[in-house]
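**Q** Sequence:
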Amino acid sequence: MGNRRFGVFTTLVLFSGSSIALAADYEPPATAVSKINSYRGYSELTDAASGMDIDKYAYNMTTWQIDNGGFYKAMAESYKNPYSGGEKSGWRSATGGDVGTIDNDATIQEMRLLAVRYKETTNSNYKSTFKTSFNKAVNFLLAMQRSTGGLPQVWPKRNDYSDHITLNDNAMVRAMVTMMDIANKTSPFDSDIIDDATRAKMSTALEKAIDYLLKAQIVNNGQPTVWCAQHDTANYQPRPARAYELESKSGSESAGVVWFLMNWPEQTEAIQKSIKGAIAWYKRTKVTGLYFNKKEGTFEQREGNVLWYRFYEVNSDEYFFCDRDGASTKTQDFTKISAERRTGYQWAGDYGTALLSTEKAYLTALEKMQGTYVEPPSPAAMCGSDTCKSFIDGANFTDINGVKEATNTGFTGEGYANVANEAGSYVTYDITAEKEGKYTLYISFANGGNSARGYTVSVGDKTLIENGSMESTGGWTTWKTQMVELELPAGHSELKFESLSKDGMANIDYIGWMDTALHAGKVDLNPIGIHNLRRAPASVPADRYYVDFGSRDNSAGVYLNRNARVFRVNGTSRGHSEQSEGAK
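Its first residue numbered 9, the sequence shown is counted upward by one per residue in my numbering.
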């Protein structure tokens with residue numbers, strides 16, 4: 009496997025009007041990219057550093073680095089001051105020394121902050137220190153990796169469950185994202201903070217890690233399923249952790265593995281089989297109408313809710329719970345678990361909905377890569393159960409704080425509007441009403457976030473919708489339609505949609521309507537034309553005909569001036585349509 013960068017595919021247009029994609033580099037679904045991006049954060053550190061010089065904070069952080077190059081977890085507050093003695097880690101190695109870890113994003117987030125500050129600092133002493141510390145952390149990752157490719161939770165060994173290959177809390181996957189970014193020179197690792205020879209080592213280590221994941225995937229009846237939270241270093245088998253974390257198939261941690269594999273640019277047959285097998289497992293084990301209330305320690309009936317359990321039997325899809333006394337307490341009866349454990353652990357959650365909603369986009373990406381993809385016809389713009397009489401394509405905006413996109417499939421027309429991920433981001437559209445009044449509009453949108461996104465709609469200084477909300481659709485390729493009523497003035501208006509949420513708005517596909525008195529764009533409701541002439545009241549004494557041979561802007565033809573208005577009676581128009589009648 010090689011670390012190939014994402015490419016661009018081309019299309020071949022057929023005479024029938026459809027098109028097929030020529031073979032191209034693989035481009036992962038947008039939702040998969042977004043999920044992996046969530047593993048690139050280091051805000052725990054920058055939040056702790058708020059109010060102090062960030063370079064000083066990062067320098068202090070380097071003094072806490074363990075001799076083997078790793079860092080311990082939950083140290084953000086400690087980095088406000090330099091190390092002054094004592095133990096640097098709360099856990100001890102088998103020989104009594106400090107241990108570095110990748111648990112809870114430790115070491116990984118420190119590496120990212122070091123790379124950022126190396127690029128931005130103007131202090132040469134800090135710069136040198138940051139580079140040295142970063143390379144020690146790189147060597148820590150390379151040293152802790154087992155010969156089979158997996159990454160344990162800690163290094164050196166503690167002689168307990170933390171020595172197993174650790175997917176728990178996405179520890180290994182987070183590390184692999186950073187390893188991939190280093191190998192590919194993805195920002196902030198696109199500087200000379202690391203030499204090419206070490207980058208090559210990181211690339212090799214990453215390929216070994218992927219090979220480990222493929223071999224560790226649990227197979228039932230010849231079919232790949234998902235993973236355990238911990239696996240054996242040598243034989244890849246599921247392994248337990250704490251007493252209530254038995255060998256199992258994990259509904260939680262497995263999702264992160266699939267997201268990473270879905271982002272890998274070289275989609276081999278083995279990787280495709282792995283991803284498809286995991287998605288099939290999530291389909292089989294999906295539970296609807298049930299919600300886990302961790303605060304109360306109860307499972308509750310809730311219409312529309314979806315969940316997966318945290319633990320399933322290794323050799324079947326039977327879920328189970330377990331208490332602190334270990335395997336002897338394994339049960340499917342949640343009430344038999346102690347109250348402390350019922351409220352003290354995340355026994356279930358919505359781990360697979362996003363994966364299931366991304367399946368179609370993933371299969372499409374594979375078809376494009378293989379050159380077998382046939383572009384489907386664009387879906388009709390729907391206003392309720394009817395096809396809209398007219399609509400504005402979301403990509404045909406007047407202005408935007410964001411971008412036009414056509415990445416997420418299922419949209420109508422040319423694309424959709426994707427505003428910036430911040431409160432106050434906006435997109436505007438031109439619309440023209442023949443008369444003042446209330447109009448019903450249908451907004452098609454996709455919101456792949458976990459919660460609703462608020463918005464306002466205004467025309468000039470007048471707010472038409474003060475607290476609009478676009479619900480989560482479960483994926484960026486899942487589109488829903490929302491009906492709204494707007495009081496519009498006669499003539500042209502510029503509709504402004506503005507986000508109230510810090511994550512921006514949902515992506516807007518189209519705005520449609522059924523009322524024929526409403527028109528897309530900025531429309532002249534009084535064009536020169538024979539149809540408007542017929543509507544104009546007669547005023548014979550004031551009528552005046554004349555012929556224009558093209559010397560005016562109105563083009564060659566016969567014209568009538570009636571009551572200070574000009575109408576073209578016949579001829580060939582340059583700028584106005586004889587049939588426009590208000591651009592119907």
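Please keep in mind that the hints were generated in silico from the structure rather than gathered at the bench. There could be a bad hint or two in this list.
[As the list claims (entries may be wrong)] Each pair of labels, with its calculated beta carbon distance range:
hint: 1; residue 1: K488; residue 2: V566; range: 26 to 34 Å
hint: 2; residue 1: S155; residue 2: K302; range: 37 to 45 Å
hint: 3; residue 1: D33; residue 2: T471; range: 42 to 50 Å
Glycine is no exception: its CB is placed at the ideal position from the N, C-alpha and C atoms.
**Q** Now tell me, hint by hint, if it's right for this structure.
**A** Consistency of the hints with the structure:
The beta-carbon spacing between K488 and V566, approximately 52 Å, falls outside the hinted interval of 26 to 34 Å. The hinted range of 37 to 45 Å is satisfied by S155 and K302, whose Cβ atoms lie roughly 39 Å apart. The hinted window of 42 to 50 Å between D33 and T471 holds, with their beta carbons roughly 46 Å apart.
Violation of the numbered hints given earlier is confined to hint 1; every other hint is satisfied by the structure.
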